[in-house]
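Colleague: Each chain, letter by letter, is given below.
Number of protein chains: 2
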Amino acid sequence: MTEACRHFVPGPVWVRPEILDRMKGPMIGHRSKDFRDLFVELEAKLRRLFNTEQHVFVATCSGTGLMEGALLNTVPRSVLVTTVGAFSERWESIASHLGLEVDHLHQDWGQAVDQGGLADRFVGRRHHYDAVTITHNETSTGLMNPLETLARTVRDGASDTLVLVDAVSSLGSAPILFDEWGLDVCLASTQKGMGLPPGLTVFAVSERAMERARAQTYRGTYFDFVDYEKNARERQSTPFTPAIPLIYALDAQLDYILDEETLERRWSRHVEMRDLTIARCSSFARLMVDPQFASPSVSTFEPTNGMTAAEIQAFMRENGFTLGGGYGEWKDRTFRIGHMGDMSVNDLSVMLDTLAKVTG
Amino acid sequence: MTEACRHFVPGPVWVRPEILDRMKGPMIGHRSKDFRDLFVELEAKLRRLFNTEQHVFVATCSGTGLMEGALLNTVPRSVLVTTVGAFSERWESIASHLGLEVDHLHQDWGQAVDQGGLADRFVGRRHHYDAVTITHNETSTGLMNPLETLARTVRDGASDTLVLVDAVSSLGSAPILFDEWGLDVCLASTQKGMGLPPGLTVFAVSERAMERARAQTYRGTYFDFVDYEKNARERQSTPFTPAIPLIYALDAQLDYILDEETLERRWSRHVEMRDLTIARCSSFARLMVDPQFASPSVSTFEPTNGMTAAEIQAFMRENGFTLGGGYGEWKDRTFRIGHMGDMSVNDLSVMLDTLAKVTG
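Chains as they are written, first to last, in the working numbering: chain A, 1 to 360; chain B, 1 to 360.
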């Protein structure tokens with residue numbers, strides 16, 4: 001790493017200079033042979049990233065676009081939205097805009113989705129849900145839901161209820177085993193755990209979700225999964241012109257993640273960064289989430305040393321470091337430390353040394 | 001210009017190296033002060049580009065996304081689609097996917113929209129259209145519709161029919177006077193006349209189109225104009241995380257277009273490039289469109305020297321130049337020369353010298 005990271009925010013993350021350089025490649029057309037070759041390699045790499053043999057795609061949009069896309073393509077009528085913070089609540093807002101029937105399984109901020117409560121929703125089949133949404137890593141609180149368990153609960157509960165996952169701040173930071181866990185749509189924008197600029201969203205789609213999409217009467221155009229699949233299969237390309245510079249960066253960064261650092265070491269580094277952050281902040285701040293579900297990529301704290309969250313952020317800014325602010329209903333009470341992407345444990349440690357001085 | 005352009009395709013266009021460099025700026029958050037400052041400047045520049053005092057926005061998506069967005073936000077029921085080639089026909093496909101009532105005003109490929117035929121659609125108000133779509137510059141044929149005249153025809157025809165314009169390959173190449181011509185939505189992706197990488201779409205929206213959007217029951221989420229307007233006004237930002245590297249490039253290129261080259265000189269250069277291209281190709285190829293509507297940014301030819309279009313492209317490729325292939329129903333018969341973006345007349349002339357040798 002040639003340059004120290006000074007930005008400890010929950011995205012957009014610092015991007016390595018060599019990856020920024022890769023954006024400067026030629027502006028090839030997305031129907032050219034050069035692009036098709038790149039696309040085929042990218043698909044293989046994305047399958048390794050999601051641990052899937054099923055469909056993988058890349059779209060030019062933010063994560064929110066693909067959340068809308070997931071609902072458009074797979075939910076004809078009703079969806080159960082599990083909420084544990086601001087970003088999981090976004091599923092509800094998008095589903096309401098689409099005119100879907102929305103049911104809720106709500107937990108207080110800082111808690112994980114309640115597995116028992118989720119299982120209860122399927123007992124006696126009182127409800128029928130076309131899909132359940134799960135936010136893997138809730139960026140507003142710094143909580144990682146037990147996705148494998150929750151996905152299994154949905155599949156045990158109803159064989160025809162799909163599992164839609166927002167993995168925006170977890171993909172690249174924590175394990176996602178798309179096939180093994182039985183997920184149906186899993187999406188992530190690139191400016192978080194993947195260590196890339198914003199502008200692209202990568203997503204995996206199960207064959208049964210694709211079947212559902214084919215049967216939908218209305219899927220729109222820009223987020224039509226059937227069109228994505230058809231273009232990938234027949235033309236080795238995206239349906240529409242993609243953000244070529246960001247595609248180059250994604251391709252190069254996937255090589256780094258998969259073959260240089262490796263997924264296993266990357267996941268371990270994130271756990272190490274989380275544990276270091278929590279340990280070093282405990283004397284002057286309180287972690288806001290249930291510790292067994294503390295996120296490996298972002299930690300949210302409330303100060304206990306008499307300072308406000310804003311004062312702590314200002315102190316760090318004066319010392320050349322950016323921390324994240326609180327979000328939504330925790331905006332004023334908390335600050336957030338992003339420890340995701342390509343920062344090194346050493347970069348984080350240097351920042352935490354300075355942060356420790358707030359108590360002095 | 002530090003490097004000669006060798007790619008004469010109708011987009012994605014060659015991008016100047018200094019603009020590519022600008023993509024490497026820091027990955028700021030879209031709720032930060034730095035971004036808000038950038039956004040306010042960008043809005044002012046986009047208003048100059050569109051010649052409007054009304055709403056201007058930038059979205060992270062291809063032009064197709066915003067075509068869908070324009071229909072979602074402004075058409076409750078029925079739309080008249082004017083078609084003169086493949087890209088104008090795309091409006092029809094998107095409108096059909098949205099379940100709208102679609103009527104057509106069709107012209108053969110190579111012809112402009114018939115002004116008299118358009119006016120007839122409003123006589124006696126036999127039809128009521130919420131909007132009419134017009135493709136300013138039809139990239140598949142190399143034809144520029146007389147947008148000012150057509151827009152006036154719609155406004156004279158019905159006071160409540162909006163004018164939705166795809167300016168994908170004209171914005172930055174040819175005049176667009178959004179307010180003066182009475183347009184309602186005008187969109188353009190950045191990888192054509194603006195000389196930028198793909199990944200962003202800029203668009204202008206009239207106040208009456210915004211009123212229509214506010215009354216729509218269904219606008220979706222990712223392309224919701226009301227949300228774009230609210231975020232611009234209240235937060236000086238985009239609703240969702242934008243492609244930051246591409247925003248930097250856009251900002252820098254708008255400085256170049258507006259203040260270094262100037263719009264007037266840019267428009268003249270494109271006319272000069274068109275006239276040069278048509279003059280130099282006339283001995284071995286036939287221009288496919290009505291000459292009075294020949295596009296300033298792309299020209300489509302059918303060879304008359306006994307060679308196939310594919311052979312001409314191959315000859316040029318061997319000499320280090322890329323030409324565009326035919327598109328859609330003209331795919332095999334024609335080749336296209338893109339003369340748009342930041343290429344110089346000299347770059348084009350050097351290419352045309354080589355192309356002239358195909359007759360030899």
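FYI, nobody ran anything at the bench for these hints, they're computed from the structure.
Be careful, since some hints might not be right.
Far from chain A, some chain B residues (derived; all Cβ distances over 10 Å) [unchecked claim]:
#1 ARG155
#2 GLU234
#3 ARG286
#4 ARG333
Listed below are the simulated SDA-like cross-link pairs for lysine to any residue, each with C-alpha atoms no more than 25 Å apart in a straight line [what the hints assert, rightly or not]:
#5 LYS331(A) / GLN236(B)
#6 LYS331(A) / SER32(B)
#7 LYS331(A) / ILE28(B)
#8 LYS24(A) / GLY99(B)
#9 LYS24(B) / GLU18(A)
We put the CB at the ideal spot given by N, CA and C, even for glycine.
Colleague: Closest CB-CB distance from ARG333(B) to chain A, is it above 10 Å?
Modeller: Given that every Cβ of chain A is farther than 10 Å from that of ARG333(B), nearest at about 18 Å, it holds.
Colleague: Hint check: LYS331(A) vs GLN236(B), CA-CA at most 25 Å. Holds or violated?
Modeller: The given pair, whose Cα atoms are some 19 Å apart, holds under the 25 Å limit.
Colleague: Hey, LYS24(A) versus GLY99(B), does the alpha-carbon distance stay inside 25 Å?
Modeller: Distance of about 40 Å is beyond 25 Å: violated.
Colleague: Hey, is ARG155(B) genuinely clear of chain A, shortest beta carbon separation above 10 Å?
Modeller: At roughly 27 Å from the nearest Cβ of chain A, ARG155(B) sits farther out than 10 Å, so the non-interface label holds.
Colleague: Examine each Cβ of chain A, and state whether all of them lie more than 10 Å from the Cβ of GLU234(B).
Modeller: With a cut-off of 10 Å, GLU234(B) remains clear of chain A, as the shortest Cβ separation is near 16 Å.
Colleague: Is the nearest Cβ of chain A still more than 10 Å from the Cβ of ARG286(B)?
Modeller: The claim stands: ARG286(B) keeps its Cβ more than 10 Å from every Cβ of chain A (closest is about 25 Å).
Colleague: So if I understand the rule, the pair passes when the alpha-carbon distance is 25 Å or less; does LYS24(B) with GLU18(A) pass?
Modeller: 10 Å, holds
Colleague: Is LYS331(A) close enough to ILE28(B), meaning Cα to Cα at most 25 Å?
Modeller: Holds, because 19 Å separates the two Cα atoms, which is no more than 25 Å.
Colleague: For a C-alpha distance cap of 25 Å, please report whether LYS331(A) and SER32(B) respect it.
Modeller: The hint holds at about 14 Å.
In summary, the structure is inconsistent with hint 8 from the numbered list given earlier, while agreeing with all the others.
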